[in-house]
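Colleague: These are the residues of each chain, in order.
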Amino acid sequence: MTRARSLSRSLTRALPVAPAVVLLLLFLAGPIAYCAYIAFTDLQLTGQAEDSFVGFDNFRTAFGDEAFLNAVWLTLVFTVVSALLGQNTLGLALAALMQRASKPVRTLVGGIVITAWVLPEVVAGFLLYVFFRREGTLNAILDWLRLPTQNWLFTLPILAVSFANVWRGTAFSMLVYSAALNEIPKEITEAAEVDGAGGWRRMWHITLPMIRRSIGTNLMLITLQTLSVFGLIWVMTRGGPGGKSQTLPLFMYEEAFQKSMIGYGTAVALLLLVVGSLFSAVYLRLLRTEV
Amino acid sequence: MPVRPTAVLPTLLALSLAAATTLTACGTGSGSDPDTVKVSFKQSTDNSIKVMDTYLADIKKQFEKANPGKKVEFVPIKAPDSEYYTKLQQMLRSPKTAPDLVYEDTFLINSDITSGYLKPLDPYLAKWQDWDQFIDTAKEAAKGEDGKTYGIPDGTDTRGLWFSKDIFKKAGLPADWQPRTWNDVLDAARTIKREAPDVIPLNIYTGKPVGEAATMQTFEMLLYGTNDGTSDPLYDRSAKKWIAGSQGFKDALSFVETVYKEKLGPDVSDALDPNVMTRVRGEWLPQGELAIALDGSWLPQDWLPGSGHEWPEWSDELGLAAMPTQNGQAPGKVSMSGGWTWSIPAKAANPDLAFEFVKTMQTKANAQKWYVANSGIAVREDVAADPAYVDAQPGIKFFTDLVANTHYRPAYPAYPKVSTAVQEAMEGVTTGDMSVEDAAKGYDEELKAAADGQVIEK
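Those protein sequences? They're chains A and B, same order as listed. Position 111, counted from 1, in the first sequence is what our numbering calls 111; the numbers after and before it change by one each time, with no gaps. Quick note: to get our numbering, add 291 to the position in the second sequence (first position is 1).
Bear in mind the hints are in silico, worked out from the structure with no lab data behind them. Backbone N, C-alpha and C define an ideal beta-carbon position, used for all residues, glycine too. No false leads were slipped in.
Short, incomplete list of chain B residues facing chain A, as computed with Cβ under 7 Å:
| no. | residue |
| --- | --- |
| 1 | THR377 |
| 2 | SER402 |
| 3 | ASP403 |
| 4 | SER406 |
| 5 | GLY407 |
| 6 | PRO500 |
| 7 | LEU563 |
| 8 | PRO565 |
| 9 | PRO704 |
| 10 | PRO707 |
| 11 | LYS708 |
| 12 | GLU718 |
Pairwise CB distance ranges, derived in the manner of DEER restraints:
| no. | chain 1 | residue 1 | chain 2 | residue 2 | range |
| --- | --- | --- | --- | --- | --- |
| 13 | A | ALA49 | B | PRO622 | 34 to 44 Å |
| 14 | A | ALA29 | B | ASP558 | 42 to 52 Å |
| 15 | A | PHE56 | B | PRO622 | 47 to 57 Å |
| 16 | B | LYS531 | A | GLU66 | 27 to 37 Å |
Model the full structure from these sequences, guided by the hints.
Modeller: What follows is the structure, encoded as structure tokens:
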């Protein structure tokens, strides 16, 4: 085969995907490039006649801004608590338990968990706001148990919103893990059982290694999803009180839209992107390790 | 070997994350028709509230009848306040998306003027007789730093103290309560706390969760009552600089601190709940759980038939008092005003036609209809003097009389940032995390950054 022929052949092959590539470039790469550019300007939404290029100023401002550092810390807490610990482990536990449960139980539990997932973010936010507020359901239960009550959204806002995110997002992990567990050949677990391995040992030595890829994919997806959670926190606490639940997306919104500093807000968006990529890099690394 | 979809995943996901979290203003260009005037306004997010839609539909009918061949097209933006501004500002950036007439909040109008989004209206106003009917303070609200006017106000609002006559009776306070100083207000709240312990004595909005309401309904209502009533305590208009380190600022913060420290206000956690404004109007006041509320003239809008929490008896059950100055110094009362104006974008395709539409909206009869429909306060002298307007709703006379002592905010481009800094200082003293001194110092620092150093110490 000559080189020219092979070139024309790969061009012909590329033709069908060309429209998709053009669309991707236009609607994904375009805005991102523009976004990367304005992160280096002092562009404002209003209140300014002309914007100018300011180099790394926005990033310097961010790292010197206590509110930004606070938001980074809270974002990490929120992600680790609600995605890695909460959604991930709870999703796996539910999936594992449901493997052994009877069909009615499986349908019921799955139904409830998935309902929380399909609810629009804002609706879920309101539901959990009502659950956690001072006159809310949680306090009513605590009161009935004669335990002390408090306004959870005020005293422990970051944990309250983390719980809300666990409540809302667990279904996703559960579905991913259910699918993964179904893929494990029955013979292997049965063989292990015959060899005398108990439930925990089977989980640790057989199940987990076999669904390793699903764990990695799931962790990555829910981390990226959680990093960008906005509506839920906005509805429940507006990032307050005193910035105690202000994660990066809320901080970014405040800077970009409430204070109309688009340039600075976009710089923060880029930094959020960096946080996301760091997490992704760690997961990819984990995926590569052989068992 | 199995393919590794995970290898491309992070890149793709990262890309879509970025796309989702950043702002891409893309407008659908629509060719401009010289006979059609495009009008953008803020549509209520509550589907049952159609006050503005109904009013504008009526004006459209009048306008199209009076100007044969001309058409009005509405471009409503259905969003809460802060998102409305954002959307509007994005539309104003390009001639493709700029409507011919927009509804601008006086809170941000100066920012939009500085950005070059709006057109000066002076040539039109010079030829428009009705402009003389507009009161001077309202004319100031839409003036740019260049002295030109960029908007026609369609009403305003004022603020004062709403109090429950029933609770006052229980606490042994007079039904015609008219406090003369800040201390009178605090003393009444203390009495209520003692005599009627199950109600909230006094609500003042505070902190970032309620946003501009904390700054305007509470802080500025206090601050503008601290000096001699002639100069602006927030911004020095002659020096064109923001004021830092003033005693008035600390005094206003102390008032907020006192209310929450002495537990004269709602529980701090309720006060900092983003939904507290809805609770004040929908629950606390109508259900007799709150004795005094420092709040705006528009409250009865929420108690109208069809609003979800109808309360026609409010005018018998609530009393009204003006917010006093700090020590009762002249003029004795304080009010802040805001409101909205109609403006023509710099990139509008049909500015002349847009101004004709404003003229139709602002005939005396139409303006009056609008003030009454939206519980607004008249900015036209002829309407304010009309008995039909004064009698249209209880409370309207009280709030219209406050216009004589009202202040407009220095809504210059730095204002939204200054306002956030005020809210942060308030939140600090409300939760007790900060002393008044520290909170005021924090404000001064934020102010320097927000105003780009354009600050003077007073």
